[in-house]
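Chains as they are written, first to last, in my numbering: chain A, 1 to 280; chain B, 1 to 317.
Simulated from the structure, these hints should not be mistaken for laboratory data.
Errors might be hidden in some of the hints.
Quick list of in silico lysine-lysine cross-link-like pairs, DSSO-like style, CA-CA up to 27 Å [to be verified]:
(1) B/Lys317 <-> B/Lys195
(2) A/Lys135 <-> A/Lys167
(3) A/Lys108 <-> B/Lys317
(4) B/Lys298 <-> B/Lys219
(5) A/Lys167 <-> B/Lys25
(6) A/Lys59 <-> A/Lys135
(7) B/Lys272 <-> B/Lys195
(8) A/Lys224 <-> A/Lys4
(9) A/Lys168 <-> A/Lys59
(10) A/Lys108 <-> B/Lys195
(11) B/Lys237 <-> B/Lys247
(12) A/Lys59 <-> A/Lys233
(13) A/Lys135 <-> B/Lys172
(14) B/Lys10 <-> B/Lys219
(15) B/Lys25 <-> A/Lys59
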Amino acid sequence: MEVKELEKITSQVRRDIVRMVTAVQSGHPGGSLGCTDFLTALYFEVMNADPAAFTMDGKGEDLFFLSNGHISPVLYSVLAHRGYFEVSELATFRKIGTRLQGHPSVSKNLPGVRIASGSLGQGLSVALGAAAAKKLNGDDSIVYTLHGDGELQEGQVWEAAMYAAGKKVDNIIATIDYNHKQIDGDIDEVLPMGDLSKKWQAFGWEVLEMDGHNITEILATLAKAKSMTGNGKPIVIVMTTIMGKGVDFMMGTHKWHGSPPSNEQEAIALSQLEETLGDY
Amino acid sequence: MKDFEIQNHKDTRSGFGAGLSELGKTNENVVALCADLTGSLKMDAFRDAHPDRFFQVGIAEANMIGMAAGLTIGGKIPFTGTFANFSTGRVYDQIRQSVAYSNKNVKICASHAGLTLGEDGATHQILEDIGLMKMLPNMCVISPCDYNETKAATIAIAEYEGPVYLRFGRPKVPNFTDPNKKFEIGKADVLHEGKDVTIIATGHLVWKAIEASEILLAKGINPEIINIHTIKPLDEKAVLESLNKTKCVVTAEEHMMNGGLGDSIAQLLIRKMPVPMEMVAVNDTFGESGTGEELLTKYNINTVNIVDAVERVISRK
Numbered sequence: 001m002e003v004k005e006l007e008k009i010t011s012q013v014r015r016d017i018v019r020m021v022t023a024v025q026s027g028h029p030g031g032s033l034g035c036t037d038f039l040t041a042l043y044f045e046v047m048n049a050d051p052a053a054f055t056m057d058g059k060g061e062d063l064f065f066l067s068n069g070h071i072s073p074v075l076y077s078v079l080a081h082r083g084y085f086e087v088s089e090l091a092t093f094r095k096i097g098t099r100l101q102g103h104p105s106v107s108k109n110l111p112g113v114r115i116a117s118g119s120l121g122q123g124l125s126v127a128l129g130a131a132a133a134k135k136l137n138g139d140d141s142i143v144y145t146l147h148g149d150g151e152l153q154e155g156q157v158w159e160a161a162m163y164a165a166g167k168k169v170d171n172i173i174a175t176i177d178y179n180h181k182q183i184d185g186d187i188d189e190v191l192p193m194g195d196l197s198k199k200w201q202a203f204g205w206e207v208l209e210m211d212g213h214n215i216t217e218i219l220a221t222l223a224k225a226k227s228m229t230g231n232g233k234p235i236v237i238v239m240t241t242i243m244g245k246g247v248d249f250m251m252g253t254h255k256w257h258g259s260p261p262s263n264e265q266e267a268i269a270l271s272q273l274e275e276t277l278g279d280y
Numbered sequence: 001m002k003d004f005e006i007q008n009h010k011d012t013r014s015g016f017g018a019g020l021s022e023l024g025k026t027n028e029n030v031v032a033l034c035a036d037l038t039g040s041l042k043m044d045a046f047r048d049a050h051p052d053r054f055f056q057v058g059i060a061e062a063n064m065i066g067m068a069a070g071l072t073i074g075g076k077i078p079f080t081g082t083f084a085n086f087s088t089g090r091v092y093d094q095i096r097q098s099v100a101y102s103n104k105n106v107k108i109c110a111s112h113a114g115l116t117l118g119e120d121g122a123t124h125q126i127l128e129d130i131g132l133m134k135m136l137p138n139m140c141v142i143s144p145c146d147y148n149e150t151k152a153a154t155i156a157i158a159e160y161e162g163p164v165y166l167r168f169g170r171p172k173v174p175n176f177t178d179p180n181k182k183f184e185i186g187k188a189d190v191l192h193e194g195k196d197v198t199i200i201a202t203g204h205l206v207w208k209a210i211e212a213s214e215i216l217l218a219k220g221i222n223p224e225i226i227n228i229h230t231i232k233p234l235d236e237k238a239v240l241e242s243l244n245k246t247k248c249v250v251t252a253e254e255h256m257m258n259g260g261l262g263d264s265i266a267q268l269l270i271r272k273m274p275v276p277m278e279m280v281a282v283n284d285t286f287g288e289s290g291t292g293e294e295l296l297t298k299y300n301i302n303t304v305n306i307v308d309a310v311e312r313v314i315s316r317k
């Protein structure tokens, strides 16, 4: 798929995110907007997975685990446009009875989701288990994950990081959404984490860095990461992003981590995001 | 009363190890994870026979539970092994989200439960684990009573689809159940039919209930003894059938009164059949160092306490 085509999708996904959280006056737009380019590139160009034949086991397919489950709006929109379920179902987000729970859940059998996430820090461990199952099954597919930067404050992430390198797990590509923001403010104010890339290197991971809003660079970096699998080391991509990317008044502030826009703010936001694939 | 012959004295954790070892040969999807307690959990035989299906995760229980959840995605049946304290309290949120809520086919196998781990003291003597686990939707909670039953339960849970908490212990205790008996999850086991009182016990306290019954029979009291190895789902029918006959009950467990087997039975009685009840369980306190037997006595959950509770409950009929 051409980069231009992927950019069309990202514009629609961003519109979906804004509309989803505004409609229910809850949800997490900031991180969702920041990870839109990555998830669109991953699902539409990188991952080998068949939406029409979704199974929990995912044998023979690449898998993705969203560890920072609060950015569910972007995952749901990307999954819907990719064909895992009808785009119209996005209108049910966070409403009673929905399959699109506030944080991803498998309790209502939503295609595309294989584990609940929301309580932070658990996704990398789950991915390591899935990666181990793939090895046992002789399945050379890849397991992808996404984590928030603030999420790395959870100790379990580093248990998993230690395991992955120590046990030479080499069929996993983790990505960190490095927007330097968390609910209470800048990461450096809440709990400074120092040099993230050096931390992962010290834990024995191959570390790549990329601009999370340059689709050409995202595709090139993911291709490079994929070429590095199978060599006895886990791979992490530290992805620089801007929280709220695409909506000028949301960009670069933690205030939109978990707050929805008003109807007036929604109109302003949507005026900045072209409707490329039709609103749901 | 039927004579329960003690075949030998064995630890229930060895029953787990033997069951896991057998599963290694019979079910290629069974995998095992351990957090640096392979010897204590008796998982060595599985590890040595199936190194590719054994995951040593180090002292990192949260990662172990998450990995176990992930291994089910791909069709594996993971058995995690560590002490009961580190299997539950330490990783409650990981179990809640990644295993129970996600309804993953993970078997959380927990040794050294309760007071009878002994000298290590209260930091390791978890008495809340049954309560923690039974509160989780989707979670099945099993607490077998001896080596044979623990081995059979280990084999049985591999065939059961869904999250299971399997609780066992450290000390060598009387091994008396039929080694050829098939383990039926969710089915109460009536060990002795009586008429004056029902004693419902689980885990190590099942043998204590048998000891108590011999004393009671000598006093002219004929108790019915039920081994509840599956605390959740509870075999309500069997309990109610017995109580319909005896009209009073004593529960016995190596666990906190809050949240334990007695708590489950009390909830059932209050809804279906309010009859006098006494609970032999640890009453809102932590344990301490000592031998297992000393601790069972000091914390009032030994044979004599079951006898006393039976006499109290009969007087309330």
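To see whether the hints hold, each was checked on the structure:
Only pairs whose Cα atoms come within 27 Å are accepted, and B/Lys317 paired with B/Lys195 is accepted, the gap being roughly 13 Å. Of the supplied pair hints, the one linking A/Lys135 and A/Lys167 holds, its CA atoms being roughly 13 Å apart against a limit of 27 Å. With a C-alpha separation of about 48 Å, the suggested pairing of A/Lys108 with B/Lys317 is violated against the 27 Å cut-off. A threshold of 27 Å between alpha carbons decides the hint, and for B/Lys298 with B/Lys219 the separation of about 24 Å falls inside it, so the pair holds.
Distance check on the hinted pair: A/Lys167 and B/Lys25 sit about 25 Å apart at the alpha-carbon level, within 27 Å; holds. Restraint check for A/Lys59 and A/Lys135: the C-alpha separation of about 11 Å stays at or below 27 Å, so the hint holds. Distance restraint check for B/Lys272 and B/Lys195: the Cα-Cα separation of roughly 20 Å lies within the 27 Å cut-off, and the hinted pair is therefore satisfied. Of the pairs offered as hints, the one joining A/Lys224 and A/Lys4 holds, with about 21 Å between alpha carbons and a cut-off of 27 Å not exceeded.
Among the hinted pairs, A/Lys168 with A/Lys59 is consistent with the structure: their alpha-carbon atoms are about 21 Å apart, no more than 27 Å. With a CA separation close to 47 Å, the supplied pair A/Lys108 and B/Lys195 exceeds the 27 Å bound. For the suggested pair B/Lys237 and B/Lys247, the alpha carbons sit about 15 Å apart, so the restraint of at most 27 Å is met. The suggested pairing of A/Lys59 with A/Lys233 holds, with an alpha-carbon distance near 22 Å, which does not exceed 27 Å.
Taking the CA atoms of A/Lys135 and B/Lys172, the gap is near 39 Å; set against the 27 Å cutoff, the hint is violated. Restraint check for B/Lys10 and B/Lys219: the C-alpha separation of about 30 Å exceeds 27 Å, so the hint is violated. In summary, the hint linking B/Lys25 to A/Lys59 is supported, as the alpha carbons are separated by about 24 Å, within the 27 Å threshold.
In this structure, the earlier hints numbered 3, 10, 13, 14 are contradicted, and the remaining ones agree with it.
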